Amino acid sequence: MSNKDIKKATRHVNQNEGLIFERSSPGKKGYRLPPLDVPEVDYRKALGGAARQDLGNMPEVSEMEIIRHFTRISTWNYAIDLGMYPLGSCTMKYNARVNEVVARLNGLAEVHPYQPEKISQGALRIMKALADCLLDITGMEAITLQPAAGAHGEMTGILLLHAYLRAQGNPRKKILIPDSAHGTNPATAAICGYAVENLKSNSHGMVDISALAAQMNDDVAGLMLTNPNTLGIFEQEIAKIAEILHQKGGLLYMDGANMNALVGKTRPGDFGVDVMHLNLHKTFSTPHGGGGPGSGPVACKKALEPFLPKPVIVEKPDGMLGFDYNRPQSVGRVRMFYGNFGMHVRALAYIMANGYDGLRQTTEDAVLNANYIRKKLEQDYELPYKSASMHEVVFSDRIQAQKGVKTGDIAKRLIDYGFHPYTVSFPLVVPGALMIEPTESESVEELDLFVDAMKAIAREAEEDPDLIRSAPHSTRVSRLDETAAARKPVLRWRPAQAKSANE
Amino acid sequence: MRYLPKSPADREQMLREIGCKSIDDLFAPIPAEYRLKRDLKVPRQMAESEVVDYFRERAEANAAGYAVFLGAGAYHHYRPVVIDALISRGEFFTAYTPYQAEIAQGTLQAIFEFQTMICELTGMEVANASMYDGSTGAAEALLMACRVTGRKSAVVAKSAHPEYREVIRTYTQHQGLPIAECGFLENGRVDAGELEKKISDETACVLIQSPNFFGTIEDVAGVAELAHKKGALLVVSIAEALSLGIVKPPAEADIVSMEAQSFGVPLGFGGPYAGVLATKEKFVRQMPGRLVGEARDKDGRRGFVLTLSTREQHIRREKATSNICTNQALIATMATIYMTIYGREGLKELAAQNLAKAAYAAGEFAKKGKLLFQGAPRFNEFVVQTKEDPHNINSRLLEKRIVGGFPLSKFYPELGNAALWCCTELNPKEQIDEAVKAVGQ
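These protein sequences, in sequence, are chains L and G. Residue numbers in the first sequence follow my numbering, run continuously in steps of one, and reach 682 at the last position. Residue numbers in the second sequence follow my numbering, run continuously in steps of one, and reach 716 at the last position.
Extracted from the complex, chain L is given alone in its bound form (with noise of 0.2 Å):
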């Protein structure tokens, strides 16, 4: 194995560990609570049938093994702490460390959502403060903070949508997305009742103009774009696309993960788009925990805000903010209480630190390092669409793959370099495709480190395409078999399989 280009990583000893309940003994304990200061209870007699019985395989272990567990384990993840995740769309930039520390203040942490708005000011300033910020960074005129995450919003986006719609007098039946969007985008048209019609892009990876007027009509509720699209292109023609909609009595609804690139810059509410959400855990630093918790605020113009989920804030005369309820036109509330506030808090504070400088020069890096990059190794990979990139490029496999080599494969043998790969595969629009996104957070040096990995893996392609095709080789299981896992699905642990993990 050639190890001597790899300069990001080392192999290292590394702690194994099996699963909690293969720790747990009868008697072991975790945790110790205060005395009761009330009368106990017999609950066996308090609740009759409906007392358990016993809590069966829960663990029992001690504090110090719970530490050592997550921990340990803790260490088998990549993490945008330890390095770069080029993974296009995804954004992911630096997760401050000042954004956790307001989000666990205790008015803020420790406030439950049901208490009185009285002594609710701090927490609902700071979500109609975030509002504001939200409002002119797109350019809309009303906003929600309520969804939980992007899909979420675009659902939310979508029922403002066919509410106005309907209240025009017709909803309309089909929504158009284009064949390069993100699969949540058709998943969540059908949710609200859509058929969902797919826009072709043209050979410069933009929406096709003519394809658009064609299959525009008075069945068409809108049209779902990503801007930039997920090959980091700018749809230039934008302004057509809307005029060609808004015509036809239709929308521009936009999907904001891209926003990375055009915070500070340019506004989507300038462009024409209607109604739009926003990733908080992708432009807006709150991390992505290994998966969430997001939040995707939903903004539209001002025709759209009475179908807002409830309940909306507003400013009362005596200057106190509150929640209103009486939304008689609203779309209903799409989560209970108000949103993933935690993800507002730390939304804002990233904000905050950046101001409207740091913000725009954060779009200018995030560009300025996808088109390094791309430059960087344009002459190594293929690059299927030509027009310029904004904050993330897209390459193919297509000289690597003459060789037997795909996406997939470039992408494990890169974990060998220390990196996270790339998306994979998406947009579906580029036959194996390498979709990159940089993000603002890398250093000239972090950026080298990836291109002379990807050039490495380029002629390892050339002089020894097995080694990619068997990667990863330094990780502490190597490539597993996802087939036979959902073919025969194990979900859970169970106390048969207590034999060890064969390490």
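The set of hints was computed from the structure by calculation and includes no laboratory data. One thing to keep in mind: the hints can contain errors.
[Unchecked claim] In silico DSSO-like links for lysine-lysine, alpha-carbon gap of 27 Å or less:
#: 1; chain 1: L; residue 1: Lys-224; chain 2: G; residue 2: Lys-645
#: 2; chain 1: G; residue 1: Lys-642; chain 2: L; residue 2: Lys-224
#: 3; chain 1: L; residue 1: Lys-481; chain 2: G; residue 2: Lys-316
#: 4; chain 1: L; residue 1: Lys-667; chain 2: G; residue 2: Lys-623
#: 5; chain 1: L; residue 1: Lys-208; chain 2: G; residue 2: Lys-523
#: 6; chain 1: L; residue 1: Lys-307; chain 2: G; residue 2: Lys-685
#: 7; chain 1: L; residue 1: Lys-224; chain 2: G; residue 2: Lys-523
#: 8; chain 1: L; residue 1: Lys-183; chain 2: G; residue 2: Lys-623
#: 9; chain 1: L; residue 1: Lys-554; chain 2: G; residue 2: Lys-685
#: 10; chain 1: L; residue 1: Lys-208; chain 2: G; residue 2: Lys-316
#: 11; chain 1: G; residue 1: Lys-623; chain 2: L; residue 2: Lys-207
#: 12; chain 1: G; residue 1: Lys-281; chain 2: L; residue 2: Lys-187
#: 13; chain 1: G; residue 1: Lys-316; chain 2: L; residue 2: Lys-480
Note that the structure is a prediction, hence the values are computed from the model and not measured.
Following the hints, put chain G in place on chain L, whose structure we already have.
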């Protein structure tokens, strides 16, 4: 800006290597008329100390240190410090979704443990990796029941959380799915007679919450029989997860939708929380959300992977079981650590303390007002009806830095001057006594 790891010289060098004169060249694709020519209307760049000050001031205006007697879907339990110590590790909270299994075994194993513990607690065979929260989980469970049975209507108990029911309506409004509601009896439980009449051959599922919104534990077995008799599924929604420490799990259910917030998740003014769906193995392919499964590598080493992905949006797009992508993984990890800390004995002991506190409080409040919904077992919440409007009572309590029970007139006007009170292990006896005294004034 201190988060950006570049010097001006770095930027200049990079632009040179790209062949650009200035950064503006890279923004040329944006049509000139849409390029922003002013600064964003957001605050100026702040020092870290200024950011902390800002939020500290907001936190102070957001009273903390009050005695809290609120439940109603969000529960005030002690959070062991070990939870934040662990999930604040960058390897957990700054990690991505574990699609690349080889370098995400930490996240994947934690979720596999979560799924296992949820199964143990709920009496179900398989659990997913989390939903956004209990309310959206309930809505998704209902939609799942429709897919499983091929039927297109549902009956939902009025004693289920009102906001959960609102979310269910939002999710089903464009699916051609009529939702019938079923009332409750004087003992707080769902009206079985009314329920039986409302379940038909077109009913995909009955949805109840247990303990329900009033704190009353439902007759899960009885409701299951009524549902199953007509070929409908039973969905049981659980808002107070700690109840599972001492209350019989809803093993007769077909789908359980649980809110995990009680398990070490901060109240946080309503979020982030974490829902989870659990069900029988035979229904797993219709279950939305991520699933972690065991797998082996070529040397037979055990590892974990995301599995059964053909259910999900990134594979099936418009035919997916749900559009959910990002879920609540870090919150689920908090819950996993909490469940591990308390474990088999601790969850029971803690639940017993909650039961005792609420029983004591209910007994005392009964001397000052009318305790509703007697005749069925409760966990840690109860409803008190008073002559005085609960809003006035609460204003009086607020002056003593006590947040009183949740007035029910907003959601259940038929109950008059009633309020929902919750007592957990964090309500000392003196505090309960003080609240009772103030109610009686």
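Hint by hint, here is what the structure shows:
Between Lys-224 of chain L and Lys-645 of chain G the CA atoms are separated by roughly 22 Å; this keeps the pair inside 27 Å, and the hint holds. At most 27 Å may separate the alpha-carbon atoms for a hinted pair to count; Lys-642 of chain G and Lys-224 of chain L meet this at roughly 22 Å. For the suggested pair Lys-481 of chain L and Lys-316 of chain G, the alpha carbons sit about 19 Å apart, so the restraint of at most 27 Å is met. For the given pair, Lys-667 of chain L sits about 34 Å from Lys-623 of chain G by alpha-carbon distance, which is inconsistent with the 27 Å threshold.
Restraint check: the Cα-Cα separation between Lys-208 of chain L and Lys-523 of chain G comes to about 23 Å, which is no more than 27 Å; the hinted pair holds. Distance check on the hinted pair: Lys-307 of chain L and Lys-685 of chain G sit about 25 Å apart at the alpha-carbon level, within 27 Å; holds. Between Lys-224 of chain L and Lys-523 of chain G, the direct Cα distance comes to roughly 14 Å. Compliance with the 27 Å bound is thereby established for this hinted pair. Of the pairs offered as hints, the one joining Lys-183 of chain L and Lys-623 of chain G is violated, with about 56 Å between alpha carbons and a cut-off of 27 Å exceeded.
Taking the CA atoms of Lys-554 of chain L and Lys-685 of chain G, the gap is about 61 Å. The hint is violated against a cut of 27 Å. Taking the CA atoms of Lys-208 of chain L and Lys-316 of chain G, the gap is about 53 Å. The hint is violated against a cut of 27 Å. Distance hint between Lys-623 of chain G and Lys-207 of chain L is fulfilled; the C-alpha atoms sit about 15 Å from each other, no more than 27 Å. Between the alpha carbons of Lys-281 of chain G and Lys-187 of chain L the distance comes to roughly 19 Å, so the proposed pair stays at or under 27 Å and holds.
A C-alpha spacing of about 18 Å is found between Lys-316 of chain G and Lys-480 of chain L, which places the hinted pair at or below 27 Å, so the restraint holds.
Checked against the numbered hints listed earlier, the structure breaks hints 4, 8, 9 and 10; every other hint is satisfied.
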